[in-house]
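J.: Got chain A sorted already, so can you dock chains B, C, D and E with the ligands onto it with the hints?
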Amino acid sequence: ADDVTLQLKWVTQAQFAGYYVAKDKGFYEEEGLNVTILPGGPDIAPTQVIAGGGADVMIDWMPSALAAREKGLPLVNIAQPFKSSGMMLTCLKETGVTGPEDFKGKTLGVWFFGNEYPFLSWMATLGIPTTGGADGVEVLKQGFNVDPLLQKQAACISTMTYNEYWQVIDAGISPDDLVTFKYQDEGVATMEDGLYVLEGNLQDQAFEDKMVRFVRASMKGWKWAEENPDEAAMIVLDNDETGAQTETHQKRMMGEIAKLTAGSNGALDPADYERTVATLLAGGSDPVISKAPEGAWTHQITDKALQ
Amino acid sequence: MKDTVATARPVIEAKGLGLTFQTNDGPVHALTDVNLTIGKGEFVSFIGPSGCGKTTFLRCIAALEHPTQGALTVNGTSPDAARQARAYGYVFQAAGLYPWRTIAGNVKLPLEIMGYSKAEQNERVRKVLSLVDLDGFGKKFPWQLSGGMQQRASIARALAFDADILLMDEPFGALDEIVRDRLNEELLKLWAATGKTIGFVTHSIPEAVYLSTRIVVMSPRPGRITDVIESTLPKERPLEIRDSREFIEIAHRVREGLRAGHGDEV
Amino acid sequence: MKDTVATARPVIEAKGLGLTFQTNDGPVHALTDVNLTIGKGEFVSFIGPSGCGKTTFLRCIAALEHPTQGALTVNGTSPDAARQARAYGYVFQAAGLYPWRTIAGNVKLPLEIMGYSKAEQNERVRKVLSLVDLDGFGKKFPWQLSGGMQQRASIARALAFDADILLMDEPFGALDEIVRDRLNEELLKLWAATGKTIGFVTHSIPEAVYLSTRIVVMSPRPGRITDVIESTLPKERPLEIRDSREFIEIAHRVREGLRAGHGDEV
Amino acid sequence: MTWLWGAILFWLGAWGLNAWAANQPFARTRAGKLAIPALFGVTLLVLWEGIVRGLDVPGVILPAPSVIWGTITTSVPTLWQDFVQTILKGGLSGYVIGCGAAIATAIAIDRSPFLQKGLLPVGNFVAALPIVGIAPILVMWFGFDWQSKAAVVVVMVFFPVLVNTVAGLAATDRMQRDLMATYSASYWQTLMKLRLPAAMPFIFNGLKIATTLALIGAIVAEFFGSPIKGMGFRISTAVGQLALDMVWAEIAVAALAGSAFYGLVALIEKGVTFWHPSQRARS
Amino acid sequence: MRSVLPILAVLLAIVAVWYIAAIRMNSTWTYDQAARAETEVSFAEVVVDTMAQERPVLPAPHQVAVGLWEGLFGQKFTSKRSLVYHGWITLSATLVGFAIGTGLGILLAVGIVHNRAMDLSVMPWAIASQTIPILAIAPMVIVVLASVGVTGLLPKAVISAYLSFFPVVVGMVKGLRSPDRMQLDLLKTYNASRWAAFWKLRLPASMPYLFASLKVSMAASLVGAIVGELPAGATSGLGARLLSGSYYGQTIQIWAALFAAAILAAGLVIVIGAIEKVALRRMGMVR
Ligand SMILES: Nc1ncnc2c1ncn2[C@@H]1O[C@H](COP(=O)(O)OP(=O)(O)OP(=O)(O)O)[C@@H](O)[C@H]1O
Ligand SMILES: Nc1ncnc2c1ncn2[C@@H]1O[C@H](COP(=O)(O)OP(=O)(O)OP(=O)(O)O)[C@@H](O)[C@H]1O
Ligand SMILES: Cc1ncc(C[n+]2csc(CCO)c2C)c(N)n1
Ligand SMILES: [Mg+2]
Ligand SMILES: [Mg+2]
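Protein chains in written order, with our numbering: chain A, 1 to 307; chain B, 1 to 266; chain C, 1 to 266; chain D, 1 to 283; chain E, 1 to 287.
Don't take every hint at face value.
[What the hints assert, rightly or not] Computed cross-link-like contacts, EDC-like style, restricted to lysine to aspartate or glutamate with a CA-CA straight-line distance of at most 16 Å:
| no. | chain 1 | residue 1 | chain 2 | residue 2 |
| --- | --- | --- | --- | --- |
| 1 | E | Lys80 | A | Glu294 |
| 2 | C | Lys139 | B | Asp25 |
| 3 | D | Lys229 | A | Glu138 |
| 4 | E | Lys80 | A | Glu241 |
| 5 | A | Lys259 | A | Glu226 |
| 6 | B | Lys140 | C | Glu256 |
Derived from the structure by calculation, the hints contain no laboratory data. All of these numbers come straight from a predicted model, not from anything done at the bench.
Bound conformation, chain A alone:
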């Protein structure tokens, strides 16, 4: 069997159910692959891991991958299992935020470490400076969890539809007390959770072949997970080495994830790509990327995998 190492963007959770299912159900094995899944974490930059040769393929958000490409790391999107973006800004109603125009003068929690680009683009589109003051927003580097909102250190925080949002709810705040802004709805959505490899490797026949089989099996896993969300969640749970994840949370997460993967067969929709690039280029003074990238995606793999 051929060895493939996959670097995840975050810790083991239902966000990556498709890959765990494919591994657990033997889809990879059927394709003659021996896949190692490396969980991520707050300090792991998947881009760095792949640059260092620690992985063959990785999962990342497109803004981060494109930024890395501009930094000289030739990443290429070979597949896009996630159709929609799950990112939102969640605000406490009591702070008086009802629409984006109310952000001014407020403190907003934002994830950094390569996850800040969608937010920066959005603010640039809105024309709100992120340097604080009465006309701008005060930005906090948000840690791992939703505490800043619960402790009222921030008016709004970044959340994912499938994860942090529910943590807020679980903490005891009812949805009625919250106002949420989905990036998807605000027209500033960027592509999340795509599969990326190094451009140079694609020239290699054997590698290309490996990736074709990998994507095929992975998509099979995703579709299985969409159909059997609860079982998929249990598979994820089995693979969680920290033993910290809970069943309810993962099952719910799987349900939300299924909504995001729905509509993708694995091939990147060029229209989505263009929209993402346009959003990123719209950034004002501090653009994430300075010019439209070339060759940042390919159907080379999916074309073969999905025929």
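T.: The following block gives chains B, C, D and E with the ligands in isolation, referenced to the frame of chain A:
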């Protein structure tokens, strides 16, 4: 050993005193059944082979060590109470100067603690440093002085303030004969002038005889008093007295006493 | 001061020796213009007021301090070379025992370093401990011994191995007269039997006279040799010799020499 | 490859030079004491540059020193802003509060063997709590700004200084204490005149260890939430952006500031504990 | 027994303060929730609520105790939810790191004391090395080591060694230099080799310093191992528990992991303390 009673008001009274150290290989009987009364204004020397408990006895008097048997009173109270009344000046067997203080600073230490005025402090430091012949060394640090000079500094430290009882553990051991003679004279003068009660450990028989009103001879294992020799010398003692018959006689008695104590082991 | 030449093959030769310490308040001239030759098998005592440079001179000989002026040779080579040839046994002014070694362990230390066999080590330790009257204390730690006992242990340590030159800095300062007499006798015996060259610092005039073939009198500020007195006593010296006319005469000369050196400051 | 071999040759040569220079009288001068470690540092940098260039290490893994230097010179304002936020505000204030509190506590519990016996093991235990666990909690308690970083630093430096101070206060020898006893000196007099001076070498030991801890603490705490400035913030975001040159620029600033801080404390130590054998031996 | 009493008293005081703090800090949330639900709460209700929140700002002591108990004994030791399992993972990295770190530290200290060139050049850089935020370079270390094929225990141990060598260097340098002039001079008169001076004087004299450093360094090793676990993909070990607890706002889980780590560290330090006592007693250094 019968108690020896001093004529003057007793300042130090030991009755059946004993002290045993517990060590990793068994108890060490440093002192046993020590009976001694020292009157006010007496000058008592302790002499005996090394390890016989002289230091230990002095430490008991100063409440630095606590006897395991018997009773000990100082000025009619417990040694601890006497210590709190600042009754003691103590010169240790080693100089024990604080390395972070200059010589003058070391001598000043007790004065600071006892709250003398700045001017008084400086005046006294000057005086005692000159007494022990260390003028000009006030600004040096201890490690820049020779062994004998350090010892003299520590004597100066004990003399700088007015304690009723002066306990000196081989203070002149590291000094040459000339300086020793001079300091012996000075000490006698000081004693005569102030009426202090002095307990003095020495290894020199002539020194003990020259200085003391009484000489206590001790012997080791277990440390005990084997002889107490009253000096019949007058209070006024020029250095030449050391050539007198009486002096030589007393010295001889002390030597005999010492030899007897040694008998069992040398 | 003119050089004093010894008759035997010279072991230690100092010519115009000087040593100046740099301290925070100016230079201290510990030694100036010291000229001295010590022949093989001599027993030379150094006497002088404290701070006159006796320790410093001994340290120069042992290559522990390096003279800033003049020349010094030991066995015809530099002191450093002599040290490398393990020519010295040194007894320091303070005991300086290693606190983590027992008394026996401390005495064994030089033997271990010089590579004696285990059996030989034990044998020698036993012998020298008994020589200094510390049998039975081998297993105690230094802080469990009295000051004088520690000093004796440090003497034992220096005697445990066979150095040609023995340098002793007030080795008997903390001992009582009886033990001191005994050790004086032992030292003389050892010297007679081994033909070692001995440099000996003391404050006791009788001790210096009793032991030495020559007595070097020093005076301070700056440290220099003011007198060198040859002893005319025979090599064979019973303790009673101290009552002889000759002895008393020499002692008198030494005292005069000392007093003269003191003149400028006492 | 020439780069690599060149660097290794340079390293060998410089090491030889250093070994020689260290035994020259020059090494005892003030200039020598700066030049020799500096030469050592330069050697390391040259070796680094040579390895990166010689082995073609990608810049996103390890940038060459020359590249890092370029970033430092072009981002001085950012670096300065981060330095003020993290080191001056978070680190220094935490250091002062933490060390002050530790010394005060050591003195406070010194009188009571009961408290010492009780507090030291418990303190020992608290000190063993890893910062990575404490930092998020303190950020939750004290907010995102520098106050929470200072709190982390306080927690980190407190115990080493406490332990050293307690050990130092016990470090007097018997005769020194007995002397005070014969004067019947009061507790405070003994403390001020004997035990604190005698404790200084130990206290400074703690204070020196605390300097590096303070820096690490302040920086690491920023990983768990911060305003968008500060060295820890910059490092963690720069890693995500693969701007490794910026990461190393910040690390260089941290190392420089840390060494300077340590050097300052060591200098003060030298002045205060001039009498200690370990200081005297080398002067 | 005599030494347990004071500890108990202090613990009791801490627990009391802790409870009061828990009530104060957690009550904000209770009041906020009541306000959102537009109800009134009495103080008694608040106290009860603050003792049993799911995501308390400060968990009450008994909540942590329960969390710890569950984690330690609530399941099989081999379970991924067992703190014993995670503790063991961390412990093994800690011990390997500690061994590497102290070994390196002692070697460096010996070099610094015996070689002027090292004394002058290494020390400043050893200090500088400790000002590098380990959390920042730990991921890079892991990545770089992984790219040359080193994974698993060793990368964590390397990070742990990196943190633990420094206290040993500082303490040992001080300790090896602690002999005073007379002690050194004595050996000079024997013309003892540097080797003998090291074994017979410097090393024994440095023992108290070494043990003091070892305690600090052991704690540092543990922190290093935990830090090393964060970027190792938050898989297993106490660090991973801390992280995932933190990620999901499971305050109680964080505190339980935190206490498990501290217990581990305290245990290790106690072991060193015991060895110290025996060693120093045999060396006659405790009176
Ligand atoms: N390390 C030093 N630094 C500065 N001055 C010193 C140092 N060592 C000794 N001295 C000075 O050198 C002089 C001679 O000292 P030395 O120790 O040789 O005297 P000594 O004759 O042995 O005296 P003693 O009989 O008191 O031991 C003294 O004035 C002393 O202050
Ligand atoms: N802390 C201690 N622990 C155990 N034994 C001790 C301790 N202090 C003293 N001793 C023992 O007590 C005995 C008496 O000691 P002490 O110091 O009083 O003798 P000394 O008469 O002053 O002798 P020296 O003239 O040598 O100073 C000795 O045998 C000594 O070994
Ligand atoms: C330090 C830190 N960086 C990024 C994220 C955000 N993040 C990265 S991947 C992912 C998927 C969702 O669960 C999320 C939320 C975070 N939480 N903490
Ligand atoms: Mg004594
Ligand atoms: Mg001397």
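J.: If you check each hint against the structure, which ones fail?
T.: Numbers 1, 6, in rising order.
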